[in-house]
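Please model the entire structure based on the sequences and the hints provided.
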Amino acid sequence: MTTLLFRGGRVIDPANGVDRVCDVLVDGGIITRIGDRIVQSGAHEIDVTGSIVTPAFVDLHTHLREPGYEQKGTVATETEAALRGGFTTVCAMPNTSPAPDSLTIVQSLLELIARTARVRVLPIGCVTRGRAGKELADLSELADAGCIAISDDGNPVADGRLMRNALEYAAALRLPLSEHCDSPSLNADGVMNEGRISERLGLAGQPAAAEVSAIARNIALAETTGAHLHIAHVSTARSVELVAEAKARGLHVTAEVTPSHLFLTEDAVFGTGPEAAYDTNARINPPLRTEADRQALLRALNNGIIDAIATDHAPHAIEDKLCEFDVAAPGISCLETAAATIFTLVSRGELDLLAAIRALTAGPVATFALGARIPGIGALTPGLSTDLVVLAPGENWTVDTSTFASKGKNTPLNGQSLTGRVRHVVMNGELAYSAELAHA
Amino acid sequence: MLDVSNPEAIANEPGTRWRTKDLLDTDQLTPEEIDLVMSTADAMHDVRSRPVGKVATLRGATVITLFYEQSTRTRASFEVAAKSLGADVVNLTASGSSIEKGESLIDTVRTLEAIGADVVVMRHPNSGAPYLAARHTAASIINGGDGTHAHPTQALLDLFTMRRHIGPLEGKRVVIVGDILHSRVARSNIWTLMAAGASVTLCGPATLVPRTLAGKTERGTCDVTTNLEEALEGADVIMTLRIQKERQHFGFIPSLRDYIRGYQVNARRLAIANPGALVMHPGPMNEGIEISPDIAHGLGSVIEEQVTNGVAVRMAILYLITTARAQ
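Residue numbers (numbering that gives the first Met the number 0), protein chains in the order written: chain E, 0 to 439; chain U, 0 to 326.
I should point out that these hints are in silico values taken from the structure, not numbers from a laboratory.
Be a bit skeptical, because a hint or two may be false.
Residues on chain E that point at chain U, a partial pick, calculated with CB under 10 Å [stated by the list, open to error]:
#1 A187
#2 G189
#3 V326
All C-beta atoms, glycine included, are put in the ideal place defined by N, C-alpha and C.
In structure tokens:
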């Protein structure tokens, strides 16, 4: 095993309350020392002066597409994208075909992961059989198989009684239920945020009330059942107020936000030109909202109301997006730009540096209680942690989707300049990725 | 007046020139360009009034109409317009073509370009579809109606009709009544009318009138109301829109009966407007629902003339786009 010595970086580890310029030694597959002027003979020394050294990132919401949608992405391609983006742990959403609603499907998924994944993949099981919202999946079987949470992903559990019973089971099994909070009847055929832009472009709108009312119902059911309700990708100002109130009342409610919703607004659908772009790469569910919503999300992340940044990485094939806006598949390929969009927001003063790093590391780990399963995850604890990221916070680069490892080239950020770049990623004590080597 | 049968003379005409490859919506047009369309349409109107009613200006040009939705007047109007200018016209509909076999829009327009289309007139149920098509072909795309987004030639023929009757639109009050939310005609009209300096009022049930469409430009204004009687005070033009019975689903309207009670344009309500106010409708009409038959065919009605003028305005658009391509 290699011995790596990262010399002179700013080490930020929210889990351990560390923020200082010093050295980090990785030896024998583990982070062994964090301190000043470490001397270690035979170590491969990497000068990271001016860079930030943090725990590797953890993503609570990733679409790997395999099995079933290999033209959009595979476990191999999307986990390579995760690695390059600084994520060494991703939670795989269950909207695959077949969907993981039973032990055998989860087992075959775990075998696929063991064979082809480039990073740690933690499976999320279904809430309902086939994600159809009719009857519960075999939840205790899914828990035994190693699912770290349950979710029907893009299909909200619309039936209130079914959701209540799902939460009862989730509570007993001590699994978080990650819910795409939405009201299908309110959204009708909506394809973007309802408001100025949708009405201008003649596109059916998704009102904020569709998300807000579902969150309100689900919080009430979380209170009834005592379950852990995790609200996936909050997108409206009122959503975070409801989360804040639930937390203040002591309920077990957590929330994540995507880099896309922090960085972009509904304006991305129109584009920046004089003529409407109808940019299908800006179609995402929940939709990009207004600037006021974005500001509220930034505030909620800075003050800790939002627990985690989750990518909702959703790779799609070219033909899924090269079509009319109404029929385009929703989702953004996000893993390889996530850190850069977040650090661009930090450089603009919109996000607090420590809050942002916490939401990429210790935040998601605490949210899904992953520390109990994987010791040292999301932290730089000497003798325990194994993964880290080195990031150049001031490096400007231009997004070029042709260089993506992900099969999904679907992002409205292509061609855009971002500030902050992942330079090195250490996983299981080994240098798993270096930007320098990748572009040599 | 322009002599449209002499292309060389027109090419040397001073003043505003057509800039864009496509006509996707009226919001892309400057007030000067709208004036150019109007003056060209005047010349085309003159051509259509002659005994033969045809010129050979666009001989050799190929115009393909590509309709993914049913249409009577728009498709026929474009066909007559193109033939009146001497162009070759091919009509395609979604049924009976490769579209039924699942061909993508992009592949379809590229195929039409390869066949030799100079101009593709397109109607599509998805808002924004012509924008997608325009980005992937060198042929000129004319939007013949996309989803609930835009119908630029309808708005231009509406403006043309208004100007012929009441002159410049500066300071004039235009009321658009009905299902604004689902109306591509209303949206495109808002931009031409505001550019022409009119005050536009959008009126209908609150469920069908998006408040965010209210606004103003340097020249015109657009406001929103649910009260038709108030809206009609001082109106110079009343444009009624088709209301579909299907809007009863999800409660956009309680019933046609209830809609008629609040929003039918009839003699009693027309009396509130300015004397001689124009009555317009983009068609097809549901007489007795959004408009009473006596008003639809009454003195102030220019509804049939809109259809006639549509040919002249579409000739103007085809002419401007095709001659700009040749430059």
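Comparing the hints with the structure gives:
{"no.": "1", "hint": "A187", "verdict": "holds (7 Å)"}
{"no.": "2", "hint": "G189", "verdict": "violated (12 Å)"}
{"no.": "3", "hint": "V326", "verdict": "holds (7 Å)"}
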